[in-house]
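Now for the letters of each chain:
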Amino acid sequence: MDFLRPTTLDEALALKAERPGAVPIAGGTDVMVELNFDHRRPEALLDLTGVAELAEWSTSDGQVRLGAGVPYTRVITELGDVLPGLAMASRTVGSPQIRNRGTVGGNLGAASPAGDTHPVLLATGARVEVASVRGGRTIAAEAFYTGVKRNALEPDELITAVHLPPASGAEQFAKVGTRNAMVIAVCSFAVVLRPGYAGVALGSAAPVPRRAAEAERFLVAELPWQTPVPLADSLKRAFAELVAGAADPIDDVRGSAAYRRHALGVLARRALTWAWDDYRNNGGERQCA
Amino acid sequence: MRLNVTVNGEPKQADDVWEGESLLYVLRERLGLPGSKNACEQGECGSCTVYLDGVPVCSCLVAAGQAEGHDVRTVEGLADGDTLDPVQQSFVDAGAVQCGFCTPGLVVAAHDLLHRVPDPSDEEIREALAGNLCRCTGYEKILDAVRNAAATS
Ligand SMILES: Cc1cc2nc3c(=O)[nH]c(=O)nc-3n(C[C@H](O)[C@H](O)[C@H](O)COP(=O)(O)OP(=O)(O)OC[C@H]3O[C@@H](n4cnc5c(N)ncnc54)[C@H](O)[C@@H]3O)c2cc1C
Ligand code: FES
Ligand code: FES
Numbered sequence: 001m002d003f004l005r006p007t008t009l010d011e012a013l014a015l016k017a018e019r020p021g022a023v024p025i026a027g028g029t030d031v032m033v034e035l036n037f038d039h040r041r042p043e044a045l046l047d048l049t050g051v052a053e054l055a056e057w058s059t060s061d062g063q064v065r066l067g068a069g070v071p072y073t074r075v076i077t078e079l080g081d082v083l084p085g086l087a088m089a090s091r092t093v094g095s096p097q098i099r100n101r102g103t104v105g106g107n108l109g110a111a112s113p114a115g116d117t118h119p120v121l122l123a124t125g126a127r128v129e130v131a132s133v134r135g136g137r138t139i140a141a142e143a144f145y146t147g148v149k150r151n152a153l154e155p156d157e158l159i160t161a162v163h164l165p166p167a168s169g170a171e172q173f174a175k176v177g178t179r180n181a182m183v184i185a186v187c188s189f190a191v192v193l194r195p196g197y198a199g200v201a202l203g204s205a206a207p208v209p210r211r212a213a214e215a216e217r218f219l220v221a222e223l224p225w226q227t228p229v230p231l232a233d234s235l236k237r238a239f240a241e242l243v244a245g246a247a248d249p250i251d252d253v254r255g256s257a258a259y260r261r262h263a264l265g266v267l268a269r270r271a272l273t274w275a276w277d278d279y280r281n282n283g284g285e286r287q288c289a
Numbered sequence: 001m002r003l004n005v006t007v008n009g010e011p012k013q014a015d016d017v018w019e020g021e022s023l024l025y026v027l028r029e030r031l032g033l034p035g036s037k038n039a040c041e042q043g044e045c046g047s048c049t050v051y052l053d054g055v056p057v058c059s060c061l062v063a064a065g066q067a068e069g070h071d072v073r074t075v076e077g078l079a080d081g082d083t084l085d086p087v088q089q090s091f092v093d094a095g096a097v098q099c100g101f102c103t104p105g106l107v108v109a110a111h112d113l114l115h116r117v118p119d120p121s122d123e124e125i126r127e128a129l130a131g132n133l134c135r136c137t138g139y140e141k142i143l144d145a146v147r148n149a150a151a152t153s
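Residue numbers (the UniProt record's numbering), protein chains in the order written: chain A, 1 to 289; chain B, 1 to 153.
In short, the hints are calculated from the structure, not lab data.
Check the hints yourself; a few may be wrong.
[Unchecked claim] Example chain B residues on the side facing chain A (calculated, C-beta under 8 Å, incomplete):
id, residue
1, E19
2, G20
3, S22
4, A39
5, E41
6, G46
7, T49
8, G54
9, V57
10, Q66
11, G81
12, L84
13, P86
14, Q89
15, F101
16, G131
[To be verified] Computed list of chain B residues with no C-beta within reach of chain A, every gap over 12 Å:
id, residue
17, Y25
18, N38
19, L52
20, V55
21, L61
22, A64
23, H70
24, A94
25, R126
26, N132
27, T137
28, R147
For glycine and all other residues, C-beta sits at the position ideal for the given N, C-alpha and C.
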């Protein structure tokens with residue numbers, strides 16, 4: 001096995017084009033588990049931790065561009081105000097040691113239906129930036145997840161960044177698991193409210209993380225946008241039903257399909273309540289930090 | 001491949017390193033530093049926790065090649081000669097050690113916490129140690145040890 005250590009993005013892309021079978025490794029929190037247990041023996045590892053361009057974030061044109069290799073700990077400490085939903089999801093990943101290494105790029109590369117960042121990326125309307133020696137392109141988050149642990153990357157491509165709008169309303173993420181730390185989500189949920197916009201997405205409840213389009217349309221039409229009053233129970237219940245209905249869960253060791261559907265409804269109701277309270281207390285417009 | 005890494009302040013070289021092996025394996029089997037423990041090899045238990053460039057990580061999840069040219073500090077590098085680090089001494093004094101398998105990882109994680117947050121709340125201690133499992137103590141003595149270390153240092 002070869003170990004490739006590019007120090008620039010161009011070098012990394014050239015190596016990936018030359019060796020499409022090389023497996024990228026960022027924080028290694030997914031890749032190393034597979035190597036340690038002999039589940040994978042790639043012809044080469046392509047170490048991305050030496051590529052400085054991937055470990056940066058910036059703001060331009062009203063969007064945050066978050067480099068694929070920025071670890072969760074930095075998302076939490078440096079972007080908690082600007083990307084509260086992503087920071088919330090990041091705080092629930094693994095443990096401090098895992099968050100110190102693990103990255104959003106790695107979460108996207110692994111494309112597990114249970115990955116915690118996916119519902120937030122979907123609900124915020126994020127775009128995934130990828131590149132190869134042939135050039136770059138961006139892919140809407142909902143087009144990025146193509147199957148269980150499969151994504152839209154071509155063999156010569158690398159994920160370079162995600163683009164997300166900074167929060168301008170309220171964002172919430174919630175997940176169900178057996179304890180607070182170190183749990184793979186039994187199911188997870190994100191909701192994003194901006195003036196006239198609602199993003200709703202679920203994780204670990206279908207072969208791919210997905211948006212709940214009907215629930216989104218329902219919120220846009222039914223939320224009392226002009227009058228900042230608490231939400232009626234009937235509205236919350238109807239919303240929860242639409243979210244549960246958008247799921248296509250399976251029975252597995254972490255939970256049954258019926259439990260997942262039920263729990264998603266509960267998460268949806270609670271997270272919507274928190275998000276709406278936050279939204280109306282901020283007068284609908286959050287000043288960016 | 002040959003690996004160059006600074007461990008506890010000293011430049012080290014390891015030969016015949018397989019590219020896919022972990023930093024934990026290099027430390028224990030090639031550099032004779034068995035302080036960091038191998039219990040799960042999947043990031044779940046934290047007994048392999050070391051500082052990599054000053055940041056606590058599970059060394060079982062760092063590929064050897066990713067440590068090339070970097071700085072590693074293990075539990076062996078915390079004491080000052082024969083004088084234990086205050087965190088280590090507190091673990092001894094509080095009786096926070098039973099079989100001891102989890103101890104090196106907990107000591108490194110607690111050491112990092114007290115560096116960042118000199119006077120942590122109980123919630124902060126629990127959160128900082130959430131990635132370290134202990135099967136013996138029930139954690140109470142470990143929490144005592146961290147509180148004492150915060151109070152004395
Ligand atoms: C103990 C433990 C607990 C965990 N808990 C959680 C959790 O609570 N929630 C959660 O979502 N995940 C969890 N994970 C999984 C993992 O930490 C996350 O998926 C993390 O985001 C992976 O990031 P990484 O940088 O470590 O990825 P790596 O392991 O380096 O890579 C993961 C995959 O992405 C590919 N890849 C990485 N970067 C790129 C890139 N730039 N371009 C193209 N492909 C790339 C790799 O080839 C690989 O297929 C946990 C893992 C462990 C070991
Ligand atoms: S051995 Fe590394 S976390 Fe358990
Ligand atoms: S003392 Fe035995 S595992 Fe903690």
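Evaluated hints:
Taken as an interface hint, E19 (chain B) checks out: its beta carbon lies about 4 Å from the nearest beta carbon of chain A, inside 8 Å. At a threshold of 8 Å, the smallest CB-CB gap from G20 (chain B) to chain A is about 5 Å, leaving the interface hint in force. The closest approach between the C-beta of S22 (chain B) and any C-beta of chain A is roughly 6 Å, which is under the 8 Å cut-off, so the hint is satisfied. Against a cut-off of 8 Å between C-beta atoms, the interface hint on A39 (chain B) is violated, since the closest Cβ of chain A lies about 12 Å away.
A least Cβ separation of about 4 Å between E41 (chain B) and chain A falls short of the 8 Å threshold, and the interface hint therefore holds. With a cut of 8 Å, the hint placing G46 (chain B) at the interface with chain A holds, because the nearest CB-to-CB distance is about 6 Å. The closest approach between the C-beta of T49 (chain B) and any C-beta of chain A is roughly 6 Å, which is under the 8 Å cut-off, so the hint is satisfied. Because the smallest distance between the Cβ of G54 (chain B) and any Cβ of chain A comes to about 10 Å, over 8 Å, the interface hint for this residue is violated.
A distance limit of 8 Å between C-beta atoms decides the matter here; for V57 (chain B) the minimum to chain A is near 5 Å, and the interface restraint holds. Interface hint status for Q66 (chain B): upheld, as the beta-carbon distance to the closest one in chain A is roughly 5 Å, under 8 Å. At a threshold of 8 Å, the smallest CB-CB gap from G81 (chain B) to chain A is about 28 Å, leaving the interface hint violated. Using the Cβ-Cβ criterion of 8 Å, the hint placing L84 (chain B) at the interface with chain A is not satisfied: the shortest such distance is roughly 23 Å.
Evaluation of the P86 (chain B) hint against chain A yields a violated restraint, the C-beta minimum of about 20 Å exceeding 8 Å. Interface hint at Q89 (chain B): violated, since its Cβ lies 23 Å from the closest Cβ of chain A, which is beyond the 8 Å cut-off. Evaluation of the F101 (chain B) hint against chain A yields a violated restraint, the C-beta minimum of about 17 Å exceeding 8 Å. The beta carbon of G131 (chain B) comes within 2 Å of a beta carbon in chain A, closer than 8 Å, and the hint placing it at the interface holds.
The beta carbon of Y25 (chain B) is not kept farther than 12 Å from every beta carbon of chain A, the shortest such distance being approximately 9 Å. Residue placement check: N38 (chain B) does not keep its beta carbon more than 12 Å from all beta carbons of chain A (closest about 10 Å). Not every CB of chain A lies more than 12 Å from the CB of L52 (chain B), the least distance being 8 Å, so the non-interface label is violated. Look at V55 (chain B): its CB is around 5 Å from the nearest CB on chain A, not clear of 12 Å, so calling it non-interface is violated.
Against the 12 Å criterion, L61 (chain B) falls within the reach of chain A, whose nearest CB is about 4 Å from its own CB. Under the 12 Å C-beta cut-off, the non-interface status given to A64 (chain B) relative to chain A is violated; the minimum distance is some 8 Å. In this structure H70 (chain B) is not separated from chain A by more than 12 Å, as the shortest Cβ-Cβ distance comes to only about 9 Å. Distance to chain A confirms A94 (chain B) as a non-interface residue, since its nearest Cβ pair spans about 22 Å, more than 12 Å.
Non-interface call for R126 (chain B) relative to chain A: violated, since the shortest CB-CB distance, roughly 9 Å, does not exceed 12 Å. Its closest Cβ contact with chain A, about 8 Å, brings N132 (chain B) to no more than 12 Å, contrary to its assignment away from the interface. Here T137 (chain B) stays apart from chain A, with its beta-carbon at least about 17 Å from theirs, past the 12 Å limit. No beta-carbon of chain A is positioned within 12 Å of the beta-carbon of R147 (chain B); the least distance is around 18 Å.
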